[in-house]
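K.L.:
The residues making up each chain are set out below.
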Amino acid sequence: NAGVTQTPKFQVLKTGQSMTLQCAQDMNHNSMYWYRQDPGMGLRLIYYSASEGTTDKGEVPNGYNVSRLNKREFSLRLESAAPSQTSVYFCASSAGDGPYEQYFGPGTRLTVT
Amino acid sequence: LAKTTQPISMDSYEGQEVNITCSHNNIATNDYITWYQQFPSQGPRFIIQGYKTKVTNEVASLFIPADRKSSTLSLPRVSLSDTAVYYCLVAFTGGGNKLTFGTGTQLKVEL
Numbered sequence: 702n703a704g705v706t707q708t709p710k711f712q713v714l715k716t717g718q719s720m721t722l723q724c725a726q727d728m729n730h731n732s733m734y735w736y737r738q739d740p741g742m743g744l745r746l747i748y749y750s751a752s753e754g755t756t757d758k759g760e761v762p763n764g765y766n767v768s769r770l771n772k773r774e775f776s777l778r779l780e781s782a783a784p785s786q787t788s789v790y791f792c793a794s795s796a797g798d799g800p801y802e803q804y805f806g807p808g809t810r811l812t813v814t
Numbered sequence: 174l175a176k177t178t179q180p181i182s183m184d185s186y187e188g189q190e191v192n193i194t195c196s197h198n199n200i201a202t203n204d205y206i207t208w209y210q211q212f213p214s215q216g217p218r219f220i221i222q223g224y225k226t227k228v229t230n231e232v233a234s235l236f237i238p239a240d241r242k243s244s245t246l247s248l249p250r251v252s253l254s255d256t257a258v259y260y261c262l263v264a265f266t267g268g269g270n271k272l273t274f275g276t277g278t279q280l281k282v283e284l
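Residue numbers (this note's numbering), protein chains in the order written: chain P, 702 to 814; chain R, 174 to 284.
Just so you know, the hints here were simulated from the structure itself, not pulled from any lab data.
Be aware that one or more of the hints could be misleading.
Unchecked claim - Cβ-Cβ distance ranges computed for the label pairs, FRET-style:
(1) E190(R) <-> Q718(P): 45 to 51 Å
(2) T256(R) <-> K758(P): 30 to 36 Å
(3) N702(P) <-> E231(R): 17 to 23 Å
(4) E780(P) <-> R250(R): 47 to 53 Å
(5) E780(P) <-> F236(R): 43 to 49 Å
(6) E190(R) <-> D727(P): 36 to 42 Å
(7) P709(P) <-> K242(R): 38 to 44 Å
(8) F236(R) <-> T814(P): 43 to 49 Å
(9) F236(R) <-> G764(P): 37 to 43 Å
(10) S254(R) <-> G704(P): 17 to 23 Å
(11) T706(P) <-> A239(R): 39 to 45 Å
(12) A796(P) <-> S254(R): 26 to 32 Å
(13) R810(P) <-> N199(R): 30 to 36 Å
Cβ coordinates follow ideal geometry from the N, Cα and C atoms, glycine included.
Given only the sequences and the hints, what does the whole structure look like? Please build it.
P.N.:
Here you go:
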């Protein structure tokens, strides 16, 4: 089992460009999450999906969109990247919605210039 | 939404017991308390979870007093490899959109 995988690992974008971060899990988990982590800020929830077919905003959703493509995959899209979106992005999954053990991917380091 | 407060950093030596306390004054009845560990350039990893009293597993213990307004993660006999950031998280079933990790506690273990 690969657990949670994320692509790409690194990405550099120019302001205004768009991109999609991909996430997939092979643990048959119902819930999936996207976080961003800035230096000294801990992790902040961007969007999450409690189950296939549902998505909901987290703490910092502005500038992002998500798609729960199927039970395995949850993508995060930046339509028009801004320097403030420079961060490390983590995808996670869990068996259920809320206080369940979350399994994290290796992260995507995004720089917007 | 239960806000958590932790010390920014702690220092310890190998072989000592480390206790990291998290304050969550407005914890709700349905909230559970979970602790994660994060190494540099990696995603967080689950350590332990509890609702009340004491929970113990092979790597840590979690102490939760009766009022549940705080919790303490106890790491017995730490080693250099326990140097990491530790996060306290409160969450309730159905509350995935309320998950907040906070800034965590940087634990540094020295020889």
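K.L.:
It remains to establish, for every hint, whether it holds in the given structure.
P.N.:
We went through each hint and held it up to the structure:
1. The given range of 45 to 51 Å is respected by E190(R) and Q718(P), whose C-beta atoms sit roughly 50 Å from each other.
2. Between T256(R) and K758(P) the CB atoms are about 35 Å apart, so this pair conforms to the stated range of 30 to 36 Å.
3. A hinted range of 17 to 23 Å holds for the C-beta pair N702(P) and E231(R), which are about 21 Å apart.
4. Restraint check, E780(P) to R250(R): a C-beta distance of roughly 50 Å satisfies the suggested window 47 to 53 Å.
5. Judged by the Cβ atoms, the range 43 to 49 Å given for E780(P) and F236(R) holds: they are separated by roughly 46 Å.
6. Take E190(R) and D727(P): their Cβ atoms lie about 37 Å apart, and the range 36 to 42 Å holds.
7. For the pair P709(P) and K242(R), the beta carbons lie near 43 Å from each other, so the given range of 38 to 44 Å is met.
8. Distance hint check for F236(R) and T814(P): the Cβ-Cβ separation is about 47 Å, which falls inside the suggested range of 43 to 49 Å.
9. The given range of 37 to 43 Å is respected by F236(R) and G764(P), whose C-beta atoms sit roughly 40 Å from each other.
10. Look at S254(R) against G704(P): about 21 Å separates their beta carbons, and that is inside 17 to 23 Å.
11. At about 42 Å, the CB distance of T706(P) to A239(R) agrees with the hint of 39 to 45 Å.
12. Distance hint check: the CB atoms of A796(P) and S254(R) are about 28 Å apart, consistent with the given range 26 to 32 Å.
13. With their beta carbons about 34 Å apart, R810(P) and N199(R) fall inside the hinted range of 30 to 36 Å.
Every hint from the earlier list agrees with this structure, and none is contradicted.
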